[in-house]
Amino acid sequence: MSVAGRIVLAAIATMVLGLAPLIARAQDDIAGRVRQIVAEHFRIAETQVTDEASLKRDLGADELDLVELVMAFDAAFGTRIPDAEIDGMRTVGDAVRIVAESPRS
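Mapping to UniProt numbering: the sequence shown position 29 is 29, numbers consecutive.
Hints in this document: simulated from the structure, not taken from any laboratory. Some hints here could point you the wrong way.
[Stated by the list, open to error] Label pairs and their in silico Cβ distance ranges:
1) 84 - 62: 11 to 21 angstroms
2) 50 - 88: 29 to 39 angstroms
3) 47 - 105: 26 to 36 angstroms
4) 75 - 43: 29 to 39 angstroms
5) 86 - 51: 29 to 39 angstroms
6) 47 - 84: 24 to 34 angstroms
7) 29 - 105: 12 to 22 angstroms
8) 36 - 60: 10 to 20 angstroms
Cβ atoms here follow ideal geometry from the backbone N, Cα and C, with glycine treated the same way.
Generate the whole structure from the sequences, applying the supplied hints.
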């Protein structure tokens, strides 16, 4: 590889590594806001909303709750979460992942 190629590669690596903290912070922001929305919806303390918490079993969600949560996530994040994703939203962690991976409108 030429010197110029190595310089370009080093510059790209520096940019990517520099973005890692920003990406991690954005993911943390999404997770925090999802937990806040879930806590508000179920009128519980945010400390009760963990990534492992089952929306149905632990928090008592029914199908209408899941639809309402998706609508709240869409409004808060500017996403358009497909209805098909609702079935995969079993835990709060699943909700965070789905919101993070959903396209913004």
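Each hint, compared with the structure:
For residue 84 and residue 62, the Cβ-Cβ distance of about 18 angstroms falls inside the hinted range of 11 to 21 angstroms, so the restraint holds. The given range of 29 to 39 angstroms is broken by residue 50 and residue 88, whose C-beta atoms sit roughly 18 angstroms from each other. The hinted window of 26 to 36 angstroms between residue 47 and residue 105 holds, with their beta carbons roughly 32 angstroms apart. For the pair residue 75 and residue 43, the supplied restraint of 29 to 39 angstroms is violated, since their beta-carbon distance comes to about 18 angstroms.
A hinted range of 29 to 39 angstroms is violated for the C-beta pair residue 86 and residue 51, which are about 18 angstroms apart. One distance hint, 24 to 34 angstroms for the beta-carbon pair residue 47 and residue 84, holds here, with the actual separation near 31 angstroms. Remark: the range hint 12 to 22 angstroms for residue 29 to residue 105 is upheld by a beta-carbon distance near 18 angstroms. As the Cβ distance of residue 36 to residue 60 is approximately 18 angstroms, the hint placing it in 10 to 20 angstroms holds.
In this structure, the hints that do not hold are numbers 2, 4, 5, in rising order.
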